[in-house]
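Listed in order, the protein sequences are those of chains A, B and C.
Here this note's numbering runs 251 ahead of the position in the first sequence, where the first position is 1.
Here this note's numbering runs 32 ahead of the position in the second sequence, where the first position is 1.
Here this note's numbering runs 136 ahead of the position in the third sequence, where the first position is 1.
Derived from the structure by calculation, the hints contain no laboratory data.
A few of these clues could be false.
[Claimed, not checked] Computed, partial: chain A to chain C, Cβ under 8 Å:
no. : residue
1   : Pro-280
2   : Thr-302
3   : Phe-342
4   : Thr-343
5   : Asp-344
6   : His-357
[What the hints assert, rightly or not] Derived pair list, reagent style DMTMM-like, types lysine to aspartate or glutamate, alpha-carbon separation capped at 20 Å:
no. : chain 1 : residue 1 : chain 2 : residue 2
7   : A       : Lys-400   : C       : Asp-347
8   : A       : Lys-400   : A       : Asp-344
9   : A       : Lys-358   : C       : Asp-357
10  : C       : Lys-148   : A       : Glu-377
11  : A       : Lys-465   : A       : Glu-448
12  : A       : Lys-423   : A       : Glu-383
13  : A       : Lys-358   : C       : Glu-348
14  : A       : Lys-400   : C       : Asp-478
15  : A       : Lys-451   : A       : Glu-441
16  : C       : Lys-483   : A       : Asp-398
17  : B       : Lys-208   : B       : Asp-123
18  : A       : Lys-400   : C       : Glu-474
19  : A       : Lys-365   : A       : Glu-376
20  : A       : Lys-451   : A       : Glu-390
21  : A       : Lys-400   : C       : Asp-357
22  : C       : Lys-331   : A       : Glu-376
23  : C       : Lys-331   : A       : Glu-377
24  : A       : Lys-365   : C       : Glu-348
25  : A       : Lys-358   : A       : Glu-377
Note that this is a predicted model, so its numbers are computed, not measured.
The beta-carbon is built from N, C-alpha and C at its ideal position, and this holds for glycine as well.
Here are the chains, one letter per residue:
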Amino acid sequence: MNDFFRLESLVMQFGGLTAVNDFSISIEPGELVGLIGPNGAGKTTVFNMITGFLTPTSGRVLWQGEDITGLPVHQITARGIARTFQNIRLFTDMTVLENVMVSFHHKIRSRFWKAMLGMPSHGREEQRIREEAYGFLQELNLAHLADEKAGSLAYGQQRRLEIARALATYPKLLLLDEPAAGMNPQETMELAGLVREIRKRHGLTIFLIEHDMKFVMGLCERIKVLDYGISIAEGTPEEIQTNPDVIKAYLGEPKHA
Amino acid sequence: MTTTIFFQQLTNGISLGSLYALVAIGYTMVYGILRLINFAHGDLLMVAAYTAIYAVTMFTLPWYLSFPLAIALTGCIGILLDRVAYKPLRDAPRISLLISAIGASFLLENLALVIIGGVPKGFPRPDIFAKVIEILGVRIQVLTIYIPLMTLVFLMALLYIVYRTKVGKAMRAASKDIETTRLMGINVDRIIALTFLMGSSLAAAGGIMWAMKYPQVNPFMGVIPGLKAFIAAVLGGIGNIIGAVVGGFALGLGEILLVAFFPQLAQYRDAFAFVILILVLLFRPTGIMGEPITDKT
Amino acid sequence: MTWKGKDMDTSKRNLYCNLAALCLLALVLYLFDRHGTEYQIRILNNMAVFITLAVSYNLVNGMCGLLHLGPNAFITIGAYTSALLTMSPMEKQMSFIIEPLIWPFSVLQAPFFVSLIAGGVMATIFAFLISFPVFRVRGDYLAIVTLGFGEVIRVLCNALQGVTNGPLGLKGLQPYTNLWWSWGVAVFTVLVITKLVNSSFGRAMKAIREDEIAAKAMGVDPFRHLLLAFLVSAFFSGVAGGLMAHLITTISPTLFTFFLTFNLLIIIVVGGLGSTTGAVIGAALFAWGGEALRVVESPMDLGVFTIPGIPGMRMVLFSVILMVVILFARRGIMGRNEFSWDWLFSKLGLNAK
Ligand SMILES: Nc1ncnc2c1ncn2[C@@H]1O[C@H](COP(=O)(O)OP(=O)(O)O)[C@@H](O)[C@H]1O
Ligand SMILES: [Mg+2]
Chain A
252 MNDFFRLESL
262 VMQFGGLTAV
272 NDFSISIEPG
282 ELVGLIGPNG
292 AGKTTVFNMI
302 TGFLTPTSGR
312 VLWQGEDITG
322 LPVHQITARG
332 IARTFQNIRL
342 FTDMTVLENV
352 MVSFHHKIRS
362 RFWKAMLGMP
372 SHGREEQRIR
382 EEAYGFLQEL
392 NLAHLADEKA
402 GSLAYGQQRR
412 LEIARALATY
422 PKLLLLDEPA
432 AGMNPQETME
442 LAGLVREIRK
452 RHGLTIFLIE
462 HDMKFVMGLC
472 ERIKVLDYGI
482 SIAEGTPEEI
492 QTNPDVIKAY
502 LGEPKHA
Chain B
33 MTTTIFFQQL
43 TNGISLGSLY
53 ALVAIGYTMV
63 YGILRLINFA
73 HGDLLMVAAY
83 TAIYAVTMFT
93 LPWYLSFPLA
103 IALTGCIGIL
113 LDRVAYKPLR
123 DAPRISLLIS
133 AIGASFLLEN
143 LALVIIGGVP
153 KGFPRPDIFA
163 KVIEILGVRI
173 QVLTIYIPLM
183 TLVFLMALLY
193 IVYRTKVGKA
203 MRAASKDIET
213 TRLMGINVDR
223 IIALTFLMGS
233 SLAAAGGIMW
243 AMKYPQVNPF
253 MGVIPGLKAF
263 IAAVLGGIGN
273 IIGAVVGGFA
283 LGLGEILLVA
293 FFPQLAQYRD
303 AFAFVILILV
313 LLFRPTGIMG
323 EPITDKT
Chain C
137 MTWKGKDMDT
147 SKRNLYCNLA
157 ALCLLALVLY
167 LFDRHGTEYQ
177 IRILNNMAVF
187 ITLAVSYNLV
197 NGMCGLLHLG
207 PNAFITIGAY
217 TSALLTMSPM
227 EKQMSFIIEP
237 LIWPFSVLQA
247 PFFVSLIAGG
257 VMATIFAFLI
267 SFPVFRVRGD
277 YLAIVTLGFG
287 EVIRVLCNAL
297 QGVTNGPLGL
307 KGLQPYTNLW
317 WSWGVAVFTV
327 LVITKLVNSS
337 FGRAMKAIRE
347 DEIAAKAMGV
357 DPFRHLLLAF
367 LVSAFFSGVA
377 GGLMAHLITT
387 ISPTLFTFFL
397 TFNLLIIIVV
407 GGLGSTTGAV
417 IGAALFAWGG
427 EALRVVESPM
437 DLGVFTIPGI
447 PGMRMVLFSV
457 ILMVVILFAR
467 RGIMGRNEFS
477 WDWLFSKLGL
487 NAK
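In isolation and in its complexed conformation, chain A is listed as follows:
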């Protein structure tokens, strides 16, 4: 058991439906862990509980020795956990650069009245934010689109912008919810390289949900499998690939075993 990041027996019920039941995991600093499972298994719900969008019915989210269960979303982000969304949620009518700049706001030092009166100190801070945000765009090959509206980007670019925006909050733990969804094989391969790169460069710990098995198996060091809200397996990619319960969950009950 470590003190870095731990989920303890998370349960999430929606009315009569138990979307997640008794989910526990412990992640070490620097690990890259995958969460897989059929549609509706409860994977996104786990992310929503970690990031404060949902308050678990029971269970705890422990982060760097602190119980952060049920904290407001923005406070959890400020503590160093960032996420992307399965169905892309960009600020579509703002520019690509502005999208990334938003992520810097929670660390801003200027007070609002300094901004309103156009004090030079706020101007300098803005300029610094602008430059750093641009750096993240370069890292994700989006720099040439800095002044475009986010809504006008191609699908793969939007996915990358989601990652750039999450990175710009300077997280220690990054949660990626189906980052390769809707990408072609070429883009998916590039994305895998990108994820490795950002992990190394920023010293990140990554927890990701993905359906593309090649992507997950090639990238993750450890994988957790969810089915109907229940964790049915955990292990290295090799172990998971040969686990009979996992095969059953994905292929359905064999007819005449």
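Got chain A sorted already, so can you dock chains B and C with the ligands onto it with the hints?
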């Protein structure tokens, strides 16, 4: 306060509550399907009252023809309202839809002002509603009794349609999830039109009874009852028909009894509903009978 | 390579252009102040007050994407506070015939400038108090709570005779509001709100408008930022209320009904929700057009016979304009675009480099 006066106030509260309930149903039904506060809904009270006046005075129809005619006509105006002001904005941002609703409300009010003028008109209340009877020593205008009874009749008819017919089933499905309902091959536009027809007809019935109870008809008469009925709908948990009725009665009774027990607060009466609204939103944003809202991510 | 901000030449040029525009405005105001007719001066004053109101209203509705329907409440609060402070204790004693004015308003008197600030501050305090129920909800609910707050304030204005003098209102205020005051406040409001909108705080507000869930996930606290917009907006609405009071010189509860909010809504929708430039243009059009349209409500003398005035006709026109814009040209005049010197110069083909 004597018991006589108390009972008089109680019946008053019940009949005011029934009027709020009738109007609140329309808000709640439209909100259930379109997630829109139909700001112009209250103005349909005014439309119905004027239509009834003109049917009686200009076309000299008897009241038992004029009133249903006014109700039917107002129902059609409700459909028209949807077609003109809301339907083109189905895919637009919510704020546009609301602004259109506010615009439609002002348009109706000021058109009435331009066409008819701002001088309040008396309402030709049929004599049979003006009679005063005595029950157990309490003198009550028969209208005060007819109003809740009529409300009950309308409510029963509505509940029958919503819960016992195929159309009603489609309406309920549409208010749960309009997209899925559309995918199931149901003509959602027809369902929406029907919702407006029913909601507006109920508002019209409310408007005519309102005009009989407070026989001063002017272009802005629907504004305050409309707002309060909306609050009644929120109080009951918006989207919930029974909730709207409960909310309507609670608000009507609350208002009348507040003034009855604390006459010195009479001048604050119009603020009462909003204070209740603010309290409800602070402590139970989904109303008394509503289901909790969750963010979908 | 690093991202380059605007180079020095352009930002210097823009500064000079701003100063030149201000000087030009001052010159125009000076000329009208000296030689303008009463009618022209009234329109110019109205224009400035509506610019202040519309730009601050747009901060909440356009930038944050909320439908706030209660600016009339804050204008009322500002107007009454400011008026009660500029009236002398003698005047107040004479006006409050039904119920005497409560202490400390009965003895206080302050210069016009202080009274305007006090009006703004008082409006801000009320905005803060109402903010907790308001920001518990969004969308239609928020609209109805803010509208309800406006109604509550109107009811209070009529009922609390010891503060507001009830339906009689306050009469005989000094006409302190002149072109310098009204335009001074308008220019200050536009500058400050533009700075705010273009800052990191403004970006956070727009992010909430675009997608509140994503904004939260990026560390933005929606309550704090919506509150900031709401309070700043209330402050300037309050100040504008004080200006209005000392422009009309008579205030009563009927002056600040939902009609006022409706007019502001038309202004920002026609100008383009989310554009400060649009709010300014909308306000200017409204102040001028509103006066010009008075003809449709006054009797028209055609020599042979007279067409009687039709009350309500202007509001019919305004409602139709609002609906036509929202149905067929939802982005209004400016969309979400802003005027900038860069834009103007590139239009003129004069771009530096
Ligand atoms: N906010 C919510 N309210 C009600 N039910 C929900 C909510 N979020 C998710 N669910 C339900 O929980 C289950 C798991 O959903 P989700 O976590 O999105 O699955 P996955 O991401 O694994 O595909 C689904 O049945 C879904 O309908
Ligand atoms: Mg999911």
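(message) Checking one constraint from the list: CA of A:Lys-400 to CA of C:Asp-478, max 20 Å. Satisfied?
(response) Holds, at roughly 19 Å.
(request) So, A:Pro-280 near chain C? Judge it on the closest CB pair being under 8 Å. (result) Status violated, d = 21 Å.
(message) Run the distance test for A:Lys-451 versus A:Glu-441: straight-line Cα separation, threshold 20 Å.
(response) holds, 16 Å
(request) Decide if the proposed pair is consistent with the structure: A:Lys-358 and C:Glu-348, CA atoms, cutoff 20 Å inclusive. (result) With a Cα-Cα distance of about 18 Å, the restraint between A:Lys-358 and C:Glu-348 holds, given a limit of 20 Å.
(message) Can you confirm whether the C-alpha distance between A:Lys-358 and C:Asp-357 stays at or below 20 Å?
(response) Judged against 20 Å, a Cα distance of about 12 Å means the pair holds.
(request) Assess, step by step, whether the Cα of B:Lys-208 is no farther than 20 Å from the Cα of B:Asp-123, and give holds or violated. (result) Status holds; Cα separation ~18 Å.
(request) So, A:Phe-342 near chain C? Judge it on the closest CB pair being under 8 Å. (result) Status holds, d = 4 Å.
(request) Take the C-alpha atoms of A:Lys-358 and A:Glu-377, compute the straight-line distance between them, and say whether it is at most 20 Å. (result) holds, 12 Å
(message) What's the verdict on A:Lys-465 and A:Glu-448, does the C-alpha distance respect the 20 Å limit or exceed it?
(response) Roughly 18 Å separates the two Cα atoms, so the pair holds.
(request) Classify the hint on A:His-357 as holds or violated, based on whether any CB of chain C lies nearer than 8 Å to its CB. (result) Hint on A:His-357: holds, closest Cβ of chain C at ~3 Å, below 8 Å.
(message) Against the 20 Å threshold, does the CA-CA distance of C:Lys-331 and A:Glu-377 hold or violate the hint?
(response) holds, 12 Å
(request) Quickly compare the C-alpha distance for A:Lys-400 and A:Asp-344 to 20 Å and report which way the hint goes. (result) Within the cut-off at roughly 6 Å; holds.
Consistency with the previously given hints fails for numbers 1, 21 and 24, ordered from lowest to highest.
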